[in-house]
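Put the two chains together into one complex, using the hints given.
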Amino acid sequence: MKRNKYILFLLAFLALPCGEGCGGVLLATERTILLGPKTIGKAWKDNIVLEARHFKDVQPGDVLTVYNDRAKGTAQGAFQNPQTWQGVAPEYGYFGINGPFRMTMTEDILRIARTHGIAIGGHDYRILRVTVSDSADYRETIVWNGPAVVMKSDWSASAEIEGRCFATLQEGDGLRLHVSKVQEGAAAKLMDFTWNALDPSVDGMPVGENGITWYIHDRAPLLKLQLAGTGSNTAMRVGGKGYRLDQIGIVQFVGEVSEDLSSAQRAPKEYTLQPGELFHGEKYFPADWSGNLTINAAPFQKCTENDVLLISYRLDPAAKAAGVTPQLSLRNTRTWGELTGAAEPVWYPLDGNDVVYLFDAVALDAVKTRGFILTGVGFTLTKIELISAQ
Amino acid sequence: MQRISQSTAMRHKFIILFSFFFCVGCGATEVPEPQPKPVASYSLCNANATAETQQLWSLLCSQYGKNALSGVVANIDWNAREAENVYQWTGHYPAINVFDFINIHASKDVNKNGWLDYSDMTPVEEWHQAGGIVGCMWHWQVKANNGTNYTCSPGVEPGQTSFDPAKVNDPSSAEYKQMIHDIDQVAGYLKKMQKRGIAVLWRPLHEASGNTSEFAGGGAWFWWGAKGAEAYKALWRFMYDRMVNYHKLNNLIWIWNSQMNDYDWYPGDDVVDIVGRDNYYALQYPLAKEFKALQEQFPNKLITLAECGNGDEVEMSLWSDIWSEGSRWSWFMTWYDYNYNAGTSDEHQFAGEAWWKDAFNSGVVLDRDEVKGLMRR
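Going down the list, the protein sequences come from chains L and Z.
Taking this note's numbering, the leading residue of the first sequence gets 3, the next gets one more, and so forth.
Taking this note's numbering, the leading residue of the second sequence gets 7, the next gets one more, and so forth.
Treat the hints with caution; some may be incorrect.
Dumping the calculated BS3-like pairs for lysine-lysine here, alpha-carbon to alpha-carbon at most 30 Å [as the list claims (entries may be wrong)]:
#1 L:LYS154 - Z:LYS118
#2 L:LYS191 - Z:LYS149
#3 Z:LYS198 - Z:LYS114
#4 Z:LYS378 - Z:LYS254
Label pairs and their in silico Cβ distance ranges [said to hold, decoys possible]:
#5 L:THR337 - Z:ASP176: 38 to 44 Å
#6 Z:ASP352 - L:THR170: 33 to 39 Å
#7 L:GLU53 - Z:ASN119: 49 to 55 Å
Calculated directly from the structure, the hints in this document are not laboratory data.
Idealized CB from N, CA, C, for every residue including glycine.
Just chain Z, same shape as in the assembly (with noise of 0.2 Å):
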């Protein structure tokens, strides 16, 4: 229960007054869109979040309803290289590019027989420095039940792992250690990234509950999602605590991912800024009805298309048939094609170039170059 202060009561009492006069006006016969609330409406958790995150945070707010920005995930981890592929196709690069700590067991800073280094920045200052906007994401891989692989997966298999996120309330279990070994790690990178300046989208913990609220017999795909609701969010909270309070990383917009039906996975409006929604099934009428039902779940929170993309069943469609169907998603961000990349398709799997093309066609879709401008860099 929220105390209301007196003067913000006479506020809404008025705004009630006024939006009784304004409906007498329009006759009340139609049920406006939902539309998203003025800028000032939303604020980040983390009061004390640098100048550079505050500016890419105003200038989400400000376009909010207004323009999606575009975005693409890296190939795999450390790389612009689907974004090089957008430019290919449409002369324009894509305004996010998202990087994925999923391979930091073999960054070379921690591993000399790594084939990548998370420490060297350079493909995320260079992207920066173009005036692109950083995201990062982790799939978070914890050894596998067989000793020598990793894995992100839950289960018993060897190939999967058992580690449970529940003993993240247990200091002296070896998943505890592990976690913050981890955590760590990657917050060493984000601080070099707020060393240089740089505000990060950042999505931890993502798709937690798999497709457990969906249907019976449906569990988590990660195992950060599977031991159910309350262990995930403890889990959220730690590491919100281990980044921000302990680590003083002040360069993080914190984006929780919902799946379907899992509203009791969210951590909490403290500890989360904007809201994500991942879809294979990315077609413009279901997309509009799960945007909406996420605006009136999370009203104080941007909403966000975390993942698209091309699915099993369906091919997504365009974006200007998304946006005419009443969606507005903060951003999109569309998966990376490994075959694509390796030469071995032909087709990109996930988003291909007539649909980028219809993107940057559409008129609402904002570009690298936009948003530096929009940024004043």
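With the rest of the complex left out, here is chain L (with noise of 0.2 Å):
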């Protein structure tokens, strides 16, 4: 009972300093808004696109993280306008992944996000959950103040700075570029005293105006920085060209995590190809013409004329709805004419059946070369399959 009373004393104690440190609120929560798994494969073929409505309440500051695995060593991953496929900022086009990845966003940012969403792309990793927090989930403290150094075109300067300034820094921090003076093509690299690259995908990162933050998932580059002490000797040296490094901070996520997935996007379920299947999944084509699929050559190399395709597809009831005629068309992946060659796009309209379409010479050709695309309205494709005749 003594011990009970003691506990509660001390509870007490411990609340009193939060709760007017944080004004008396309680911690932000970040919130999932896009559930996986959603696979980035090869060659920037795939996407997913938030939707516009996570970004209603979203503030400046605030920060996209996207937990993803399976990264290659060579993964990049992209934050796009959906309508453009521009990178939502120039530092967001590409960049290197090692373990979650986030924007923090800006004013132009969130213009782009509540009018079309954002599209999250790359190459070869799986995105898991994608979260919004608020820019109070984290605390920054400035370890290095200068002087400032800029880093001119030909990459020759650099900032070295001391072990002591990472003393705090821990697995899941961050470190925050603050930087200023900014040029077209600016990048960043954040190497070890041995001048070695911390990690490779902070060799040569897009520096942005609003600088850039670099999570530590791992113990590699953290013993890297410690192998150098935590007193004066030189730990990081930061490298690069076209920005002025002003300061560096090290960043903590004090946040809590919600669990709540009420209305969280889910990524449209995932199929594992089986033989003779090109495509198996959820592709929406809507009304605005917008949908394509490509199918590379690969899966035709020893196709004959007798083989066909067989499509299948749901239709869209709100196309339907809206007057939109359902249809389908396979085009050269080149001059995005008709498959056969023919003048004129063939048009197959969509009845709820599957479409079987049979090569002719000319349309086999084509896709033994370099394969083709489906475009079309009103409906969502589910599977494609590839059936010999052999």
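So this is what it looks like as structure tokens:
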């Protein structure tokens, strides 16, 4: 009983400074807006668009985090404008991946996000979850205050950061580079004291007006930094080109994680392709003609004229209600012309039954040479099978 | 218009008559696959080619259509790192190792702060002495517009170069002087090889047309193609003249790279020995089409797959499939993977273990030991 009283007293004592320090408000929470998995495969072919509704209440300074796995050493990520497929800011057009990657929202990015959503793309990794957290979830401590170093265009300049700056750095924390005078094509390289990049993902990472934040997700870079000790020895070198390095901060996540998935967007179900399947999943072809799918030539290398394509789909009730006639067409990947070489594209009206496509000599040559593009409106593609006459 | 002597004309008539009987005998129901011509039909454009060069040429001609020589490019510039990968995977070294003069500005013989030394022939000599065939290419970098970086990429951005290849016709221009300087520097390295009895498969000014001829809006991706076909051909002939006639480099077999639909960029039969194609959509069917198209366009030249590997969109077909589809490339050269060689990637981006094992198991791919035997070194 005495011990319980003591614990209650201690809890009250601990709660007081937090209540005051945080203005009496509970810590913000990191909430999930997309639940995967969504595989981002080779060659920048895959992406997923975060719906615009998720960004209604997001503020500048808030952070979008993409948790992922299965990233290859050369994997890259991207945050893109779904209308233009350009990076939402120059530094987000492409970047290396090592662990979860993040984007700090700005007014400009939010303008795109609230209108079109944000596409997450790249290659060679798998998205597990995407979250949004308030800027208040992150606490930053400036550990290096200059003197500022101008990174010249020939990569010859660098800043030396002493080991003591990283005394409190832990796995999961981020290193934030505060920069100014950013030029087009600016890039940073974060190195250990032996001039080797701390990680492939920070060997020339793009730098934007808002600087960069690199989160440390494994022990290896920490060990490299700590090898130099925590005193005045140089532990890290920051190089690059086209920007001025002003300050470095350590960013720590101090928020809570919400497990509420009620408003989360779900990634389409993923299937493992079976022999003969060229596509299996859900690919929406909306009424604005923006939907298309490219199948490369590899599966067709041993095809003959007697082989057929079987295309399965679900009709889109919304499109039908809007008066759109569901239809699809197969196109040449180079010219976007009709696959058979005909002057006018051939449209296959969709009535709910599978489409069976027979190859003629011209179409067969086209698919064996460069594959095809499937385009159309008013349906969700579910499967494409190549059925061999053999 | 070429003149044909009377005896040549008679021979042509005989061939036509013979062909007629041959076709009748066959029933002529099937169109035969285009096959490479007999060895004697091909010749080097440099009449003063060294004995070693002629020997290498004879080897290429004798194997053309029967076997393909295996090849790799160096890991960026001046080494046989990729060849070691192939050996680790298969127990065979590829027949050809191609070095790249991409970093001549950083060679220690011209730059005290340089990080490699092209004047040190050790990597080339070791490869040659082990029986390997030496190839050289040149990502010819010049100063970028920002005045500090080096690049091949044409354009007006700071990191690109507006270096004008058409200035090859203007001896008073800075570009002309730079071209002479760089060609002479590279010629010095090639001369060292010549003095050591090393013949070189020489592939400069590659992929010149980029995708200029492939689709509307396409362009050159190297500065030497930025001013179109005529400027490019003039540059090629300028380099040929400077290297062969001025520097007396007689150890070079000249390889010109064709991109798609760029036959008007061809510098000419008198300055080209072999026509190459680079392909990173290297599937068996389109490769066979491209091989046949090149063969029809350049009937007097050997045809080679000068660069290949997995691309962004597809994985390269197995060599056994490429060969069975009808391609008869003289050799192939797979590209390097910097990340794999640095240990930051477990999977070779362009051609890994399985691909190379299939190639050597196909029965139609020669390795270094086999060409060493054929060259009787």
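Hint check results:
| no. | hint | result |
| --- | --- | --- |
| 1 | L:LYS154 - Z:LYS118 | holds (21 Å) |
| 2 | L:LYS191 - Z:LYS149 | holds (22 Å) |
| 3 | Z:LYS198 - Z:LYS114 | holds (16 Å) |
| 4 | Z:LYS378 - Z:LYS254 | holds (27 Å) |
| 5 | L:THR337 - Z:ASP176: 38 to 44 Å | holds (40 Å) |
| 6 | Z:ASP352 - L:THR170: 33 to 39 Å | holds (34 Å) |
| 7 | L:GLU53 - Z:ASN119: 49 to 55 Å | holds (53 Å) |
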